[in-house]
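Participant: Residue numbers (this note's numbering), protein chains in the order written: chain A, 1 to 355; chain B, 1 to 132.
No lab work stands behind these hints: they were computed from the structure.
A couple of the hints might just be wrong.
What the hints assert, rightly or not - Sample of chain A residues facing chain B (criterion: CB under 8 Å; computed from the structure):
id : residue
1  : N3
2  : Q4
3  : N29
4  : I34
5  : G216
6  : L241
7  : H329
8  : R333
Fair warning: this is a prediction, and the values are worked out from it, not measured in the lab.
All C-beta atoms in this analysis are idealised placements derived from N, C-alpha and C, irrespective of residue type, glycine included.
These are the residues of each chain, in order.
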Amino acid sequence: MTNQTVLHAAHVAQGGKMVDFAGWDMPVNYGSQIAEHHAVRSAAGMFDVSHMTIIDILGEHDRRFLQRLVANDVAKLDVPGKALYGVLLNDAGGIIDDLIVYRRADHYRCVVNAATRDKVLQWFGEHNDEDVAIHERDLAMIAVQGPAAIEAFEKVSGESDVTDIAAFSATERGEWLIARTGYTGEDGVEIMLPGADACQLWADLAAVGVQPAGLGARDTLRLEAGLNLYGQDMDEVTNPLVSNLAWTIAGDDSARSFIGREALEQIREAGVDEKLTGLVMEDKGVMRHGQRVITEAGEGVITSGSFSPTLGYSIALARVPKSAKGDCHVDVRGLLKPVRIVRPPFVRRGKSVLP
Amino acid sequence: MSEFPIELKYASSHEWARLEEDGMVTVGISDHAQNALGDVVYIEHPEIGRLLAVQEEAGVVESVKAASDIYAPVGGTVVAVNVALDDAPENVNQDPYGDGWFFTIEPTDLTDLAALLDAEAYAELCDAEAED
């Protein structure tokens, strides 16, 4: 049985090509994922991300609960409205999922992946030493992204101060949570809201010319922005130190004991020998997940590879030996193609940031 | 949804073949195939002059999503390739039976054509694949 979001009928009516994604029937594109990608980089696009899992954590010790489970420190969320990116780790330091935690007036809200819903809810339940309430919320979620996204959103929502919301912060308007977050490397908002409101907002945004964009464009946009995809660039057998996520491990809170901390400290002491970094291939062809990377420091593997519509050639994220740098090769269907190691992101705010 | 012109023949590996008036056979990928691949970004052409056996690998089409081999629907010698696709790979998506053609073969044996599917049989094959 495949799940459908409240916007399913709208996707079909807009020509969405529907595919199964983590048990959800979602649009992969509405004709051309490259056109949708360019719309987000140059103007505004909208994504239905209602398949993502929204979990509210309520209770006297909600903060303590999250400080134990999230490797980043939710104590950084000193006032309601602030948001934090982080990972959930297992005892070995492997990544169970990545998430965003929002502080609300009287509780915290977590947004985790669709594919990891069951195991995250189970993990939360198993580690509920603080007796918090764990409430999955049945809300829709729309991401409006691109240089013209906020203007379009303000126009249709009647909100006038969305640009006042700081990056990685949120504001609440009735039942809507409006966050200045996203997964594209562009400015924009992600709105969590009741289903009926979502259908109206989606239609209103379409009416002012915001391009519906599918999972295909979402993937190339996040890859250009150098953002990891859970299950592909990181999973339970990789840790944040080899996933370009050391920055999400709060280091200045020596008293806080979070799950996975000891393992990470042991890994750090023993020496981290790999890194997740970027590759560019200006030659013809497209790098793909699982292809071999051959460097002077040893071999690595591509975790995410695709064609970059903004740059016009293939880019990838790859896990390679820590000291690897400069020119190397990728085995693309039996041919060793020259590629260059670069530090992600590849594109920000519509422009290449490559050296 | 996909279109299957009745004057063409189709391979189960999703190429189409058109017998031209001069006896040459033009090859491309079907509307169904381009739709399944998504936005095409690169084409690897066979070399002009290369002799291809029927069903031999003749090139590669890469979309944003995946790479897919192109097989020769009929045996013969490659006499032309569509180099315009190097700058406009999107033609494969926008006009798979026209500007999106891949290469032209001088066939060794025209009976290869008879072994291919007609539009109706190919449409049934695509329907069956969609149900899997």
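Participant: Next, verify each hint and record whether it holds.
Facilitator: Status of the hints after comparison with the structure:
no.: 1; hint: N3; in the structure: 20 Å, violated
no.: 2; hint: Q4; in the structure: 19 Å, violated
no.: 3; hint: N29; in the structure: 6 Å, holds
no.: 4; hint: I34; in the structure: 4 Å, holds
no.: 5; hint: G216; in the structure: 6 Å, holds
no.: 6; hint: L241; in the structure: 31 Å, violated
no.: 7; hint: H329; in the structure: 18 Å, violated
no.: 8; hint: R333; in the structure: 6 Å, holds
Comparing the model with each numbered hint stated earlier shows that hints 1, 2, 6 and 7 do not hold.
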